[in-house]
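Engineer: Now for the letters of each chain:
There are 2 protein chains.
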Amino acid sequence: MATRMNPDLKKERESASFDPEKITNFLYGGPEKLRRKRELESLALNDPDFQHEDLNFMSREQQYETQLKKGIAMITKMKELNITDFWDQYYYTTAVLVSDGYPMSVHERMFLPTLRGQATEQQKEKWLKMAENYAIVGTYAQTEIGHGTFVRGLETTATFDPKTQEFILNTPTLSASKWWPGGMGKTSNYVVLMAQLYIRGKSYGVHPFMLQIRSLEDHKPMPGVTVGDIGPKFGYDFMDNGFLALNNVRIPRENMLKKYSRVEPDGTYVKPPSTKLTYGTMVLVRAGIVMSSSRVLARAVTIATRYSCVRRQSEMKPGHPEPQVLDYVTQQYKLFPNLAAAYAFWLTGQTMMSVYNKSSSQIEKGDISVLPELHALSAGLKALSSARADVGMEECRLACGGHGYSHASGLPRLYTNSTPAATAEGEHVVLMLQTARYLMKSYTQSVQGEKLAGSVAYLSGVQPVPVAGRTRNMLDLGVLCDAYEHRAARLVREAAEQLRSEMQAGKDQADAWNATSVDLLKAATAHSQYFVVRNFAERLTDTTLDSSVFAVLTRLCQLYALHGLVTNSGDFLEDDYLTGADIRQARRHINTLMAKLRPDAVALVDAFDYPDGILNSILGRYDGNVYEHLLEWAKASPLNITDVHQSYQKYLKPFLQANRAKL
Amino acid sequence: MATRMNPDLKKERESASFDPEKITNFLYGGPEKLRRKRELESLALNDPDFQHEDLNFMSREQQYETQLKKGIAMITKMKELNITDFWDQYYYTTAVLVSDGYPMSVHERMFLPTLRGQATEQQKEKWLKMAENYAIVGTYAQTEIGHGTFVRGLETTATFDPKTQEFILNTPTLSASKWWPGGMGKTSNYVVLMAQLYIRGKSYGVHPFMLQIRSLEDHKPMPGVTVGDIGPKFGYDFMDNGFLALNNVRIPRENMLKKYSRVEPDGTYVKPPSTKLTYGTMVLVRAGIVMSSSRVLARAVTIATRYSCVRRQSEMKPGHPEPQVLDYVTQQYKLFPNLAAAYAFWLTGQTMMSVYNKSSSQIEKGDISVLPELHALSAGLKALSSARADVGMEECRLACGGHGYSHASGLPRLYTNSTPAATAEGEHVVLMLQTARYLMKSYTQSVQGEKLAGSVAYLSGVQPVPVAGRTRNMLDLGVLCDAYEHRAARLVREAAEQLRSEMQAGKDQADAWNATSVDLLKAATAHSQYFVVRNFAERLTDTTLDSSVFAVLTRLCQLYALHGLVTNSGDFLEDDYLTGADIRQARRHINTLMAKLRPDAVALVDAFDYPDGILNSILGRYDGNVYEHLLEWAKASPLNITDVHQSYQKYLKPFLQANRAKL
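Going down the list, the sequences are from chains A and B.
Those letters in the first sequence? Residues 1 to 663, per full-length UniProt numbering, in order.
Those letters in the second sequence? Residues 1 to 663, per full-length UniProt numbering, in order.
Among the hints, a few may not be true.
Intra- or inter-copy, both count: the list cannot distinguish identical chains.
[Claimed, not checked] In the EDC-like style, the derived pairs of lysine to aspartate or glutamate whose C-alpha atoms are separated by at most 16 Å in a straight line are:
1. Lys650 x Glu217
2. Lys202 x Glu264
3. Lys317 x Asp508
4. Lys163 x Glu485
5. Lys258 x Asp54
6. Lys358 x Asp327
7. Lys202 x Asp161
8. Lys124 x Asp623
By construction, these hints were calculated from the structure, which means they are not laboratory data.
No experiment lies behind these values; they were computed from the predicted model shown.
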């Protein structure tokens, strides 16, 4: 490969100040884990069963069919190869699926975990074995066409009929139709249905029910079941997100998943012990989104950075050759803050995973004291990281000029398949306000003299105060952490004061909360950003870090913190914590840092270790041979199967000939 | 329609403080123009020849074919109906094409104008008549696979051969292949080719040549011509953007478009009188992009605002019904600044069009003194408005939650078809730096005592200075304009000083410019934003405005200015021009303004006057009957043609049955 490498990329790699393999080891947890990752990726990437035409060349139906076929092969092979470890599965499936998924992913991510978590042993015996062995395929049906965020507002009903010992399932209104569950449209024959339990006219809230929706014989919808695909979307073409309407569908009493609550034969309702247990799963899911947000951003930055070294444009100096686009400081300003953010969130995701793992045994034992803080932290960080990745991916696409707009860049598909992370599993504002609620509670406790712990400890500490006339070194990570801490603490305090003042002015709590919500958002965002900055800085205190690695990661950390600071400079200036001179100093440091990072940029994206098969981008190819492969790819696309498209005979020829005849 | 209207939307419309028709008149230039707009829209929307299945249900090839067919019908009908006025054509074609285009649009937008502008009378006689009557169909081939922004870097060559009196056309390298021209892949049989003119080994720069690329008999590529489609993209599925490689293709000397420069039979080159004339066209194109940016943003805001009144979610107060999503202040904060921006850029586009029209006769007479300022202004405003629309459309999509991600919302397609505006006709940074270059020149002139005019006059004036301790009324549009003026002037001055200081430190001009470019971007952005704010405020001084309209437009103008101010508060605080108290006051005003705008939100988007047929969004339907139409749309989508998809027999059934057998 090296012999054919684009000379510009070759030069970039030769001039890096560090060996990217060292950072790759750091990012993936050491040489052994990295070796295993690469082994699994090679296994998948070299498997002929996973090769196919570019999905971008296919209709949606073809994409669904291709990914269904591939998903089945992937499941079969993982079983054969005994790939069972979480990370092993992660690396293998990522390499199989590239930036796409497959129609049965919700079976794995939600259907099986719900059965494991909510079914009794007897129920597991009946269904879990079938499900784990793919004798049935299922999904998780919660969201309705008119109801998402607010689970208590779901309209689907499960009415207990003591005479027949059955539940009668209905979607009584149009807005009650289940909507969105992945794999429900065409693939699944079972669902876990979330429905309002009614016994003798009384509602007992939302519970899970096991429901067969399609025949095991011919896959046709069961009586009373209307099911189908919800139609094409921005991305996720491969996925048959489905709708489901139910008309008096009867299921046995046994089909309520009843590990935690159940209905007795006489209609007595036995309620669950605690409702907080599921929070643990939510924390894990959100930590996973922080991680995947960092990774999609890392992929986008890899593509844009490599391409910006291959692409040459304009004349910086008269008579000189066209410079590499990355030599323009404005291009660095588009890409390097995103590069730094990818690293920052990568480390944040790792920390969250490790905090979760440390707490999970505690939680499983029933000690849920850490959950509120963990839950609040994970909400804000999920919201922050997914939004940041969303914006960053588009910045990277736009930084690739026209070619970024082509599917050959891989960036449009990466974006459309990743942007749901900003909405699913908790919408951005909803989650930030969950964090804010915890911050308000913590602030009140600290005012009352309680000592806070964990990520909110700083709220009860003495915040750094502005020192008039003092010159700060804005490159100092301690100074930067202090500034972020001060800003978060101030914004939390001011939001709390605003909330109180709204109530003092006569608003009830709900209206006061609503009136303050933009300030609360701001406070929760500042809190989350402070966590990311501090976490990055703390990871750099690892004394085992190689000095060349330490140097370059420190620059990234400084850039991340300084870029966030100048972008939100008003927050730091508003109470005179920082001065205009500090901000000006920060801006100059950013320029200097970018100049220092410039020769290391390619090595820093190489360190993310995305092989071409996963990156799936002609612009981001490791060898940099962009233009020839763009042309080759275009020639293979469907409109070029014939030189003259059939529409010429049908429409264009008669039109042109008639017009010619008239002249 | 009114009898079936969603009751929430009905209530919204009944409670508005003004008659939306009055604003519609204001936006479209009076009742007569509005009547004509609606007439043309109805004509297109009710024409059975333009009806077809949702493009989102089609493969790319089907979309190309559908839009080709529709485009031909549209051209034919416009001729029959004698629709020739610019705005008449705009409204008619918008209604035919919705948020898409057709493969021959570059023939209209570039091929014909280039022939009109660059061909001699004799050449017009030969080609223009054929082109205007669609006896031939053409496109404009400039961009190459390796060259976009930098026109002088184009590699395609036209070498004069005096022996045969021909030009020999070549794309000598891979990176010289023409790439991107719309309609070139499959549709066009002619192109205007931009190529480097060589005479006797000497280069004379880029010139236009008329080249036939496909046979008029069978549409096959001409000898030496390789042509095809560049493959699928983020959007623009209907368009056959093409590539073109040329291998010793010979064209007669007469095929150089030679109104301005030509090659004599003996090889003598006659150079053009001035190169600045084409700037006028660029200004017009950019003004058009400002206008269309405001309109796509208006469409996105219309969709999201109406849907936010239909959608109900969560429990704001225990026991109360779920509120309309737009009652959440956070939702208002997502949408209302975009609503205000759509109005702000709508008015900016109008002003630019009118300034251009006022100057164009002057320019046509050869007086190009206004061009530098107009050019600089149009560059920055095009960059600002297209970037703002890009971000705003995605904010609107995300504000619609899950349903925003469905193609039923119309938002993904609106975005993918509109986002090229941020890159095409001058990339964002490139254009902002053109504006910055003019600002630096103007600043130098003002320092030297020259009096500046037009949009940069403020740079030579006395800027408002901060008054310590004074309390400002941050709702006062005069105060806000002053603040934006001060910020722009300060950032221009600081960028100029930074540029000078980089040069004093030893950098040559190019390196100093590059090192200062982030500051220059910031200055050009602030300058452009100031223009938008001031223009909005000035339009409100129109004394013929109805008082209810004046009141609500004033709120929008205040919101636009205040939102930009708090979002960039550091710029106003950095030199103590504003105080922390001013910013806090601004934030509170935003909340108050949003509360006042809340009851008028639906009327304000209704006033944009987008009929359902053009809005093309189920979420944004005028009648608000969202859920039933979502379901109906989904049921019509291709994956639902059969209850059981064919892939079940092929892949899923054998898999599930084998697994069942093993249990």
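Engineer: With identical chains treated as interchangeable, where does the CA-CA distance between Lys202 and Glu264 reach 16 Å or less: within a copy, between copies, both, or neither?
Structural biologist: Answer is within; shortest intra-copy Cα gap is 15 Å, inter-copy 95 Å.
Engineer: Can you give me the call for Lys163 and Glu485, within, between, both or neither, at a CA distance of at most 16 Å?
Structural biologist: neither (62 Å within a copy, 78 Å between copies)
Engineer: My question is about Lys317 and Asp508: at a cut-off of 16 Å on alpha-carbon distance, are they close within one copy, between copies, both, or neither?
Structural biologist: between (65 Å within a copy, 9 Å between copies)
Engineer: Using 16 Å as the alpha-carbon threshold, which applies to Lys358 and Asp327: within, between, both, or neither?
Structural biologist: This pair counts as neither: shortest intra-copy Cα distance 44 Å, inter-copy 41 Å.
Engineer: For Lys650 vs Glu217, is the C-alpha pair at or below 16 Å within one copy, between two copies, both, or neither?
Structural biologist: between (44 Å within a copy, 14 Å between copies)
Engineer: For the identical chains here, do Lys124 and Asp623 meet the 16 Å Cα criterion within one copy, between copies, both, or neither?
Structural biologist: Intra 51 Å, inter 48 Å, cutoff 16 Å: neither.
Engineer: Between copies, within a copy, both or neither: which fits Lys258 and Asp54 at Cα up to 16 Å?
Structural biologist: neither (45 Å within a copy, 44 Å between copies)
Engineer: 16 Å Cα cut-off: does Lys202 pair with Asp161 within a copy, between copies, both or neither?
Structural biologist: within (13 Å within a copy, 93 Å between copies)
Going down the numbered hints, you'll see the structure goes against 4, 5, 6, 8, while the others check out.
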